[in-house]
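A.B. asks: Once you've looked at the hints, go ahead and assemble the two chains, each given alone in its own frame, into the complex.
Heads up: the sequence lines are chains G and H, in that order.
Quick note: the first sequence, position 131, residue 131 per this note's numbering, numbers continuous.
Quick note: the second sequence, position 221, residue 221 per this note's numbering, numbers continuous.
Rather than coming from a laboratory, the hints here were simulated on the basis of the structure.
Heads up, the beta-carbon is just placed ideally off N, CA and C, and yes, glycines get one too.
It cannot be assumed that every hint is accurate.
Stated by the list, open to error - Derived pair list, reagent style BS3-like, types lysine-lysine, alpha-carbon separation capped at 30 Å:
| # | chain 1 | residue 1 | chain 2 | residue 2 |
| --- | --- | --- | --- | --- |
| 1 | G | K10 | G | K69 |
| 2 | G | K131 | H | K220 |
| 3 | H | K139 | G | K131 |
| 4 | G | K116 | H | K139 |
| 5 | G | K220 | G | K236 |
| 6 | G | K116 | H | K220 |
| 7 | G | K69 | H | K139 |
| 8 | G | K138 | H | K139 |
| 9 | G | K131 | G | K116 |
| 10 | H | K139 | H | K220 |
| 11 | G | K220 | G | K69 |
| 12 | H | K220 | G | K138 |
| 13 | G | K236 | G | K10 |
| 14 | G | K138 | G | K116 |
| 15 | G | K10 | G | K220 |
Claimed, not checked - Over the 12 Å line for every Cβ pair with chain G, so calculated as not near, a few chain H residues:
| # | residue |
| --- | --- |
| 16 | L2 |
| 17 | R51 |
| 18 | V73 |
| 19 | S132 |
| 20 | L146 |
| 21 | V158 |
| 22 | V196 |
| 23 | I206 |
| 24 | Q207 |
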Amino acid sequence: MISLENVSKKYPGQSMPALSGVSFAVEQGDICGIVGLSGAGKSTLIRCMTGLERVDSGSIHIGDVDITKLAGAELRQAQRRLGVVFQHFNLLSHRTALGNVMFPLEIARTPAREAKRRAEELLDVVGLADKRDAYPAKLSGGQQQRVGIARALATNPAVLLCDEPTSALDPITTQSILELIRQVNADFGVTVLIVTHQLSITQQACGSLVVIDEGQIVEKGPAQEVLRTPTSRILKAMVTTLSWS
Amino acid sequence: MLYRLLRTALLETVWMVVVSGAISIVLGTLVGAALVFFSDPGLGRDWRINRIFRIDQVLSAIVNVGRSLPFLVLMVAIIPLTRLLVGTSIGTQAAIVPLSIGAIPFAARVVESSMRGVDRGVVEAALVMGASPLEVLFKVMFPEALPSLVLGFTLTLVSLVSFSAMAGAVGGGGLGDLAIRYGYQRFRTDVMIATVVVLVVFVQAIQWVGQAISVAVDRKR
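Next comes chain H alone, as it looks inside the complex (with noise of 0.2 Å):
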């Protein structure tokens, strides 16, 4: 019973973690990538749109009261949303909702450190050959942050794994949700321990194959 148990409560996590990491990821990268792009005076920042607002500094804000919530306020603050957009507030799916939308400011984040740390001279040589911004951003900036894209995307799935063993304890199921009925209501001690240790498992696998990916892509160049 106990690996029934164990097994359903994994693939539950799993399924939470890879699909808000999937929405977060895009959307984080996208997010990430303006606030780089349209702060940069040889980039987007002169361009006409921002002139009229600074998208960077309006995003920048935005993400920063998505990063000062805690998660757990973040996922009941928004259940009105996540009603609207899969039905209902209980559940896996349900989960994916807050999930996705408290991992975005962070992969954000993480995308924009990545890409502020390509060397300025290169961004400057492309600049200097006539590359417009957006090949820049796509031929240069993109592919030079690569490997430290994929560690700042490996990070976010394991803040995903933490993220989600707390949707669990509202009702998301996954880990979380079986550390808490089991080992902790129930005083099951062993469902706790195992629990614990697959998470742990889960974790450094996550972290083993990001770090791989990115050594891979690096010792290419």
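Here chain G stands alone, though its shape is the one from the complex (with noise of 0.2 Å):
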């Protein structure tokens, strides 16, 4: 479903990569998670898989379009064919909650009144049809973030791409989120990519995990092996966290 070749990306001015060589794949209907430290690259992966930064060299597919090579409308025509869930959930504080899951379905040109049937939808898949006229600012950090998976759903994407989805809220509401990634990844079969630097949430959601170490990838397999035997530096650090969290 999403699959990355040879992806090189050196930003002008500084003297390393932010990332070098980086191939991996992810199957469909499969959440792979993307950790490492910060500074690792894993900002830089997301935003090139959203189109948001042009990578040097490689390719990223999603489907089978290879994002890389788009630009202008054809790349936005790509783009609302991703889901896309943000570590600060990103909402406009002027929409309401339905408001802001009908968002991307008028980006879409969506008509009016199936937009709203969709958004009203979603806030109900995520728990928050009573909360549909509120503004993000009356919501709770992990209410935003619900709102934010719902509109990361509106438009029916096949990808769902997580960037640090839990890393701004206490670990509770990440127990919470978490488990509503699972659900809408096994209920509407949505492949998803989590990235983040805490090992713990890869290891109660995902089936394949990456480990990016200075922009290259250290480590990826099965979640449940990579972590029972690790063999890099970076992930062997990381693994002596886990016990504690």
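C.D. replies: Put into structure tokens, the structure is as follows:
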């Protein structure tokens, strides 16, 4: 479903590349975790995958389109088929929960009535049907992230890209958001990619795992296996934190 | 008589501020939005016309020129333009030309800073959803910046009150003119005090209304 081949990216003016030769694939219906420490290249990776940043070389296939080959209107068309969930939710403060979920549908030129119906349905899926008229400022972090997830699912994407989806949430809320991500993965068959520095959430939610360090992939494979027998310096260090969380 | 004088002068000032305020807010918003739009890599920075010459940089330079001229200098410097536009360089109508031109760069910077205050994450979220640069501008940046824009417009109007008083000094009429001709040149302390009081009340009123609108817009979210 998702396949990256030899993706490299260097920001101008920096000596080290942010990504060098990154390749991995995520199968349809999987929940894949990308873990690494701050500055490992996780953010750059997701920015390249969402088309916010251009790669220097390599390809990023999502479904059967190579997002790196697209620009302008074609890129925007492809982006509408992507669901993205953000660390800081990034909801529009001037729109209600319902209005926020309708936003990507408006962008995709969905007729208003249908967009509203779809948005109501999704708010129901994320358990916020009663908050449809609430503005983001009146919602808790967990509730805002639920709206964020509903918004990401609005255009019925085949892929859900989650950028540190629980890093701004408390542990209890983190659990409920992970549960929701697992639920939409099971119910809608959407392929999920979770980028995170919290190893514990990959242990709970992910089928496969990719470990990234200094812009390179140092380990990848089925999550339980990778976590049981870490080989890289970075994952070994991260695994020792698991028993604490 | 004092009442009559004050009423006429106040109406002239209100007229100057309202007309030049409307002109400078509309054009200043246009310029301010262009400054942001054409300097943002996610929006219009890489547009073809912007690659030929950087619209934002050209506008910014022009705005800086406008901002660096003291209003008094601007007013006399553009007298030929004022004559061309309204046929005279004296009177309330004529004062509206330099007032508008003087306030456009000010309003543009105010709008620019309001729009740069919009959360970057929200802008990128919209881009990632496949929103076009213009959709981001009109559906995200303007509405998200609205409470701050309203405060900026209020600031512009208050500055225009003080500019207009200066315009009055060179034949533009209004409260500034009244204070100088009666309060200062004819030693009418009562006129001077009354003018000051009216100006203070007028500015307070603008600020109060502006703040109330901004809060009302903001409270909805």
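A.B. asks: According to the definition I'm using, a residue is off the interface if its beta carbon is farther than 12 Å from all beta carbons of the partner; does L2 of chain H meet that for chain G?
C.D. replies: holds (47 Å)
A.B. asks: Taking 12 Å as the cut and beta carbons as the points, is V73 of chain H off the interface with chain G?
C.D. replies: V73 of chain H clear of chain G: closest Cβ-Cβ about 41 Å, beyond 12 Å.
A.B. asks: For a C-alpha distance cap of 30 Å, please report whether K116 of chain G and K220 of chain H respect it.
C.D. replies: holds (20 Å)
A.B. asks: Quick one, are K220 of chain H and K138 of chain G close enough, alpha carbons at most 30 Å?
C.D. replies: holds (10 Å)
A.B. asks: Does K10 of chain G lie within 30 Å of K236 of chain G when you go C-alpha to C-alpha?
C.D. replies: Distance of about 27 Å is within 30 Å: holds.
A.B. asks: Straight-line Cα separation of K131 of chain G and K220 of chain H no greater than 30 Å?
C.D. replies: holds (15 Å)
A.B. asks: Holds or violated: K138 of chain G and K116 of chain G, Cα atoms, limit 30 Å.
C.D. replies: Judged against 30 Å, a Cα distance of about 21 Å means the pair holds.
A.B. asks: Could you check that no beta carbon of chain G comes within 12 Å of the beta carbon of V196 of chain H?
C.D. replies: Holds, since 40 Å exceeds 12 Å.
A.B. asks: CA of K139 of chain H to CA of K131 of chain G, is that 30 Å or under?
C.D. replies: Status holds; Cα separation ~22 Å.
A.B. asks: When you check the alpha-carbon spacing of K220 of chain G and K69 of chain G, does it fall within 30 Å?
C.D. replies: holds (26 Å)
A.B. asks: With a cut-off of 30 Å on the C-alpha distance, tell me whether K138 of chain G and K139 of chain H pass.
C.D. replies: holds (21 Å)
A.B. asks: Do the alpha carbons of K220 of chain G and K236 of chain G lie within 30 Å of each other, as the hint requires?
C.D. replies: holds (14 Å)
Checked against the numbered hints above, the structure breaks hints 19 and 20 and satisfies the rest.
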